[in-house]
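**Q** Residue numbers (the working numbering), protein chains in the order written: chain A, 1 to 81; chain B, 1 to 280.
Just so you know, these hints were derived from the structure itself, not from any lab.
These figures come from a predicted structure and were not determined experimentally.
Certain hints may be false.
Claimed, not checked - To give an idea of the interface, some chain A residues facing chain B are shown, with a C-beta separation under 8 Å as derived from the structure:
id, residue
1, ILE11
2, ASN15
3, ALA53
For glycine and all other residues, C-beta sits at the position ideal for the given N, C-alpha and C.
Each chain, letter by letter, is given below.
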Amino acid sequence: MLFINLVIVSIETFNTFDMVLALTGGGPGRSTEIAALSVYNQIFEQFNLGQGAATAVLLVAVNLIMTFVYIRFLERNERVE
Amino acid sequence: MSKTRKERLTRIGLYLAYTVITLFFLFPIFWVLSTSLKSVPQLFASPPIWFPTDPAFGNYSHVFNNTPTLRYLLNSALLVSLTVFFTVLIAVLAAYGFSRYTFRFKRPSLLAVLAFQMISPVVIAIPLYRLFSELNILNNYVSLTVVYVAVVLPFTTWFLKGYFDTIPYQMDEAAIVDGASRWQILSRILLPVSAPGIATAAILAAVLSWSQFVVPFILLDDRTLYPVSVGLVNLQSDTNAVTLHYLAAASMIAVAPVIVVFVLLQRYIVSALTSGAVKG
């Protein structure tokens with residue numbers, strides 16, 4: 001149970017967007033530009049759709065790996081019938 | 001003797017811990033409230049002023065008169081009510097299916113629903129932005145509500161599925177013996193019994209859709225359509241002048257309805273968050 005929560009919180013933290021946007025906007029420079037914000041900046045600030053989309057695919061890959069881990073532990077705890 | 005003493009000590013320790021934790025979480029709200037009542041020189045006073053003497057309530061009237069905060073609130077309310085209605089409608093049916101039927105690929109479909117929830121909303125919103133701009137349905141509440149429902153639905157479905165699972169299958173069987181159809185089982189037996197669960201699901205869906213930020217941020221450019229979460233961030237970046245006190249006042253106005261609703265529905269929300277069915 002503890003580990004499952006750990007995974008959920010990790011995924012949610014990894015996907016944080018609004019907090020960073022409102023607090024620092026990725027700055028100073030790009031030092032706090034996390035993955036999700038980087039996708040947004042590349043597409044809507046630098047108008048580089050291809051590069052942003054590529055970053056987004058990487059983001060999905062990480063999300064899916066984490067989800068896989070999550071489901072493995074969920075099944076070990078026999079939550080899913 | 002020593003046992004009761006020990007018990008009392010534990011209790012004092014516990015309440016001390018509660019107090020510290022509560023203060024920790026209340027502090028930001030207190031700080032916003034305090035900031036919203038300051039005048040400009042007080043904002044930059046050093047050492048900081050905790051309780052502004054002669055509170056500047058003018059900040060609030062300024063926000064009401066010169067910023068569209070009220071409009072943002074109404075937009076949010078509209079979006080949330082549409083989303084909750086459709087989410088609950090679909091989630092009840094889906095959860096009934098997942099809970100009561102056995103079919104091929106049931107487990108994979110359940111897990112797929114779960115996996116969708118784990119994907120970052122940024123990733124969902126960007127292809128949708130492209131699609132919507134091609135179809136010319138950006139800045140449209142109908143399409144936005146569809147996306148909201150899609151984002152909120154996985155969690156709600158899982159929650160309701162868990163709730164339906166707690167209702168014994170014997171009730172369905174009894175109804176079948178009495179000649180009830182599948183639809184009648186759902187509408188006459190399951191729905192009345194699970195009313196508290198559905199209410200909880202609706203509350204959770206409302207909380208989730210109220211706090212949506214990424215989806216409206218990317219899919220809306222028309223300022224008059226912004227929900228309150230996006231509106232506030234834009235208020236912040238709008239002007240170069242010192243507007244921290246106005247921003248704080250607008251934030252207080254934005255959270256006020258949420259706090260009122262929370263206090264009114266406190267019992268249900270707390271039981272929703274602590275009930276065993278919430279697992280992600």
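**Q** Run every hint past the structure and note whether it holds.
**A** Hints, verified against the model:
1. The interface hint given for A/ILE11 holds, since its Cβ lies 5 Å from the closest Cβ of chain B, which is under the 8 Å cut-off.
2. For A/ASN15, the interface hint holds, the least distance from its beta-carbon to any beta-carbon of chain B being 4 Å, beneath 8 Å.
3. Against a cut-off of 8 Å between C-beta atoms, the interface hint on A/ALA53 holds, since the closest Cβ of chain B lies about 7 Å away.
The structure agrees with every numbered hint stated previously.
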